[in-house]
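Protein chains: 2
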Amino acid sequence: MGPLAKENLAALDAHWRAANYLSVGQIYLMSNPLLSEPLRPEHIKPRLLGHWGTSPGLNLVHTHLNRVIRERDLAALCVWGPGHGGPAVLANSWIEGSYTQTYPAVSRDAEGMERLFRQFSFPGGVPSHVAPETPGSIHEGGELGYSLAHAYGAAFDNPDLLVACVIGDGEAETGPLAGSWHSNKFLDPVHDGAVLPILHLNGYKIANPTVLSRLPDAELDSLLKGYGHEPLYVAGDDPLSVHQAMAEVMDEALDRIASVQRAARGGGTHSRHRWPVIVLRTPKGWTGPGFVDGKPVENTWRAHQVPLSGVRDNPEHLRQLEEWLRSYRPEELFDADGAPTADVLACVPEGERRLGATRHANGGVLSRPLPLPPLERFAVPVDGPGATLHEPTRVAGELLAQVMADTARRRDFRVVGPDETESNRLGALYEATGKAWQDRTLDTDEHLARDGRVMEVLSEHLCQGWLEGYTLTGRHGLFSCYEAFVHIVDSMVNQHIKWLKTSRSLPWRAPVPSLNYLLTSHVWRQDHNGFSHQDPGFVDHVLNKSPDVVRVYLPPDANTLLSVTEHVLASHDYVNVVVAGKQPCFDWLSLEDARAHCARGAGVWEWAGTDDGTRDPDVVLACAGDVPTQEILAAAGLLRELLPDLAVRVVNVVDIARLMPRGEHPHGMADPEFDALFTPDRPVIFAYHGYPWLIHRLAYRRTGHANLHVRGYKEAGTTTTPFDMVVRNDLDRYRLVMDVIDRVPGLAVRATAVRQKMADARSRHHDWIREHGTDLPEVADWTWPHATG
Amino acid sequence: MGPLAKENLAALDAHWRAANYLSVGQIYLMSNPLLSEPLRPEHIKPRLLGHWGTSPGLNLVHTHLNRVIRERDLAALCVWGPGHGGPAVLANSWIEGSYTQTYPAVSRDAEGMERLFRQFSFPGGVPSHVAPETPGSIHEGGELGYSLAHAYGAAFDNPDLLVACVIGDGEAETGPLAGSWHSNKFLDPVHDGAVLPILHLNGYKIANPTVLSRLPDAELDSLLKGYGHEPLYVAGDDPLSVHQAMAEVMDEALDRIASVQRAARGGGTHSRHRWPVIVLRTPKGWTGPGFVDGKPVENTWRAHQVPLSGVRDNPEHLRQLEEWLRSYRPEELFDADGAPTADVLACVPEGERRLGATRHANGGVLSRPLPLPPLERFAVPVDGPGATLHEPTRVAGELLAQVMADTARRRDFRVVGPDETESNRLGALYEATGKAWQDRTLDTDEHLARDGRVMEVLSEHLCQGWLEGYTLTGRHGLFSCYEAFVHIVDSMVNQHIKWLKTSRSLPWRAPVPSLNYLLTSHVWRQDHNGFSHQDPGFVDHVLNKSPDVVRVYLPPDANTLLSVTEHVLASHDYVNVVVAGKQPCFDWLSLEDARAHCARGAGVWEWAGTDDGTRDPDVVLACAGDVPTQEILAAAGLLRELLPDLAVRVVNVVDIARLMPRGEHPHGMADPEFDALFTPDRPVIFAYHGYPWLIHRLAYRRTGHANLHVRGYKEAGTTTTPFDMVVRNDLDRYRLVMDVIDRVPGLAVRATAVRQKMADARSRHHDWIREHGTDLPEVADWTWPHATG
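The listed protein sequences derive, respectively, from chains A and B. Residues in the first sequence are numbered from 1 upward in steps of one, following the UniProt record's numbering. Residues in the second sequence are numbered from 1 upward in steps of one, following the UniProt record's numbering.
It is worth saying that the hints were derived from the structure and are not from the lab. If you're wondering where the values come from, they're calculated on a predicted model, not measured in any experiment. The reader is advised that the hints may include incorrect statements.
Copies of one chain are not kept apart here, so a pair can be met inside one copy or by any two copies together.
Unchecked claim - For lysine-lysine, the following DSBU-like pairs were computed, each having C-alpha atoms within a straight-line distance of at most 35 Å: (1) K295 x K185; (2) K714 x K757; (3) K185 x K714; (4) K185 x K225; (5) K757 x K6; (6) K225 x K757; (7) K295 x K714; (8) K225 x K714; (9) K714 x K6.
With these hints in hand, go ahead and build the complete structure from the sequences.
What follows is the structure, given as structure tokens:
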């Protein structure tokens, strides 16, 4: 028994059977989609690909979400964690018509059904997982672990949205997913929507039972309550009983959610609420073949992918497949033209209420440009280069705070970070909003707020996952992170870049706000935390990915950081990586100059050089990144003083992709421009923020590449002083001057004394720091001596 | 009240106070270590660095571990999750004498104490975190999340070892740590040691309260029970009461552990046991300054790092510091010479029982060479190149199975993988051992075993963390992983490489077995899973790291994989990355040839070329990786047939670091060798497994670099056929032939027809796959036509 009247039950079951039938059809069939004739080998695909095991469970969830969405007129989005069950989600989209609406060629009739089947996991067709191509999706199901974080990201600041999230028991074993459960401590029932996790325990991974499915019931219950949820259970293998139980539990879950929201929004209650979680325990590969070749398949790991193999050549398997397909009674589910029958469609919602048609899953259509205030309000005054110092991230923090303030009502901007917002000197944000926090607070706490839009949790995975979900649903944000530890999300950013790359090729997907990183507390200024905190390799990592999506900026001072920040916040469909320091840094450029310089992405700093812009330089000193820029300028200063007749050109690069060939990145310079900037034939000493070979890998095709000598971080890290970090890695001013002397033809002989002076300075440095523990006064107190004022 | 007699309590407290005193001393003092005179500014370090907040808690744990280790004569190791609390662990090591034993200059007297203080976070001194330099450590505390996984790794196959693991409440928020709790489902109480997690809730991260510390008590209790633990609680801020409670709980925990082990080892019980976890709730920065400049510090996030700043210049802070230091009554703790008093030393264990002296933390001294059987038993017979096909990983699996069998009694070899061991075709392992599993089993399960040494869990983080802990304690192992998803542990492998790099510079650290990756299910054969599963960038990632530690191998067939596997299993102190396919692959080399080829790392395959080894080739076809090798050979075959007078040299590279300059990697070739292999002036068409620019970044300094043309993966991925993957990325045989024609001077004109034929073949391919969904028969059925037999 249960809440469903007999006819509703029958209709729901018809919907579910139809989705199951279509799931099997996608895996196996390339023709004869309605089984209008007996199944023959030539109807079968030559390669059998796809994941059956999870599909019937996903279909069950979709069917029952349909029911409650329709009955309660809900705005809902579903994140399908077991997204490798692509056939299920595609089947449902086709049934409800959102698939045909998106891809008219795949019509809701027999011909379209054949197309749906054939295209699945077929060259030129659609991927085997839920993917950007899938209507209604914001989550690729290939790499497991991020579904729940994505769901929360989608729910933040969407108070009227229900985000269901199916979590497979395989995915539940991953660290990121295990950590994601605590997201409920950051969800504000007033300003955010609801997340309904549905933990699907079908018992098996590819080749093993799952941990959670084998826990004793009491332990599982304890775990979920420990996560702050109220578990509701559905279990069984008899479809009609499971439908009743699922309907009952789904109603209860939604009633609870509504009650939590009512209570919170009525202003009555202030303790954190216990949100429901549904635990759905059904057999893996449910309703599929029970045994194949004498071995149990249904309800074992053998049902994970394709339960019946070699169907073209194995008549018994072919027979079993036909029996399996016919077990769903397709003749009751599709009319003579192949369209779903009224029974099947009875539970399907209308229009944008359909899960495959929700605009939240195509967030670009809902997105509004971020209000960006004039930078003049935040710019630091620069009368001459190098005359003053500012902390760049603190200056950018003022801009972010203003954006936060200006979106107070719209609530479509968030800043995430792993407990580092203040440490990264973005504390100005707290003048505009608080830090999201739903649990109890103490008198000594500062800035905690239920409705805060700064998100602080000591999990880079959660920061990344939340922000992905938030931006894919059309909102804006920024992830501020210690540079070294952003590698924690290497794999997640890979997947997000792949998502964006594919999305850009789909005309129906509107551009979404970019995912923006502000990487600070960077390699050169983690001298106090030591080697574990020193790693500039994220730039290398992302530059391996699609150049259409990836942008990397290394602003050398406060005003350039402002300009870059404005640019990335206004952009769409990119992953923008901004690397900038938080320590006091010389101000080199006025806002006007900074804007011009950032727009070019790379350019000559004439005030810093001695080549007068008129004659060919003897050497080019190039730099990218704030600390390398400082060292290059210090080297340029030394050269002015010690070798005054040397013609030195100073080039600064903000947009690192400018170095790439034009055909390899949209920002790549044409060769003549590159040659004009760096010269085709003069030595170029390039001080780079990260691994030096990256510059070679970007520039190896350039005319003057053989003259390019790059200094950067080469894993010589430890706990030491800031200047010792650059000395250890041969990026210091003295070493750079020696490089110039060694590389400019004829200079070595002439400048022997200068070279020795530089070597002496390095020795003095070594002695000094071991004695005093601080940098040489001449380094610590250095300023650019040639300010033109 | 509690279990401690008055004098024991006093002695324990003295130990704890001494450790606290020494922790503060390290952060602040550079002289006057015993406060033998009033504190003056010049006694204070010029830069104040370190983490005070967690230190008193770590000191408490260390004190109480000392007590039980001594009382029960335990062999114990402790993993300090909040390892940024370096001062605490160093303080304890100094007190117990293990520090002086390791570093005699830091003697256990006033002079040594001054050295201990001064060297901390000082240039030329020691890092601010627990690090390889720290006696007794296997875990760097900089990047949070991996302590519990390391602890389990250390405990596996160490039945007599207790591994305590302090988990900070900050770290507990990370995904990897949250997932690690389920490690207890994989720990066999018979063959493995015990892990005692100590969750330290001191309430705050850098700038925020922690999630777990603010959970309602019942929710926290439920969570830990849900993780399968029996929680035991200690809370308070009165030292003497906390000592009593801690002693009582520590005894209870160890009694429980002993009872679980007795029961399991007596053979009586077969259900999974509920292991204890200690929850320790003490104030952050406990016993430190309560208020500074009017703001609360103790028991707030402000106590995280250095509670009193600017002590040299701020007399009030200087006064507070002196008061704070004197509050520990140093005159009771250290004798006139500065050595710890008898009271302080009363709880300290002897010899290797000391946590800073356990040999398990210097696992190399316990490690035995792995027994490696003769490869002849597993080699595939190769009468001539390309005549037969084998699945390389399946062949290597037989070798791994034999190693597993041969270590059945020693139990010092494990294979970890995220549910992919069978999928990666290493199933032969199950003839030698089972899959570790402690929970209930069903009749349909296969290969699950309490004492299994294959570890399968759907968490790359756990696989990595377990194996790190296992190898750092001297045992051997291999991590088999889908190539794309190993990026999930990018950041972990970074930290492990840093650990090994530093360890190698410490004479007292014995080499530990290498961390070995077998990356399979690689980019070229994830055509069925699609874009999310296609990523060859891990090689790029690790090659940014220390060349002393990193090795990368791309064996092109089964016998070369055997040879490489043998090599990496026998090696120490490396991170070895082996990339090899699991799909049927042509056998190119006999075992003898494979051994010789792998020993060289790169070499000419004379049988594949047409340059007779005597004259200069017109073109070099180079390859690295199994699929690129196949395409290069197919291209070589086409060239023989279509342009028979072209002199083609075929070069295969197994050890990718051979391409690097000699000074940049120990395996790098000298320039003359490189020139001899690749020629200084002929076109080189290089088919590489991964991102093509990696080859340029390795080889940009070589003489003939301008002639090098690399093909590889360029993010053109999707769900398609295997051959279409190479076509999409321009790595296919037809494209390679076209590259040859385009690059060999004068050939373009002569070979117009051949070039057109190649272009036609690519068109035919495109049409065919869209029609049939499978590869062209001429490709699918291709074999090397020139087998010499």
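Comparing the hints with the structure gives:
Only between protomers do K295 and K185 lie at most 35 Å apart by alpha-carbon distance; the minimum there is 27 Å, versus 45 Å within a single protomer. Taking identical chains as interchangeable, the C-alpha atoms of K714 and K757 lie at most 35 Å apart only when both belong to the same chain, with a minimum of 25 Å there against 47 Å between chains. In this assembly of identical chains, K185 and K714 lie within 35 Å of each other by CA distance neither inside one copy nor across copies; the values are 41 Å within and 41 Å between. Taking CA atoms no more than 35 Å apart as the test, K185 paired with K225 passes in both settings, with 13 Å inside one copy and 20 Å between copies.
Taking identical chains as interchangeable, the C-alpha atoms of K757 and K6 are never at most 35 Å apart, the minima being 93 Å within one chain and 66 Å between chains. In the homo-oligomer, the alpha carbons of K225 and K757 never lie at most 35 Å apart, since the shortest distance is 68 Å inside one protomer and 66 Å across protomers. In this homomeric assembly, K295 and K714 never come within 35 Å of each other (Cα to Cα): the closest approach is 56 Å inside a single copy and 42 Å across copies. For the identical chains of this complex, K225 and K714 are neighbours neither inside a copy (48 Å) nor across copies (46 Å), given an alpha-carbon limit of 35 Å.
Within a single copy, K714 and K6 get their C-alpha atoms no closer than 71 Å, and across copies no closer than 56 Å, so neither meets the 35 Å cut-off.
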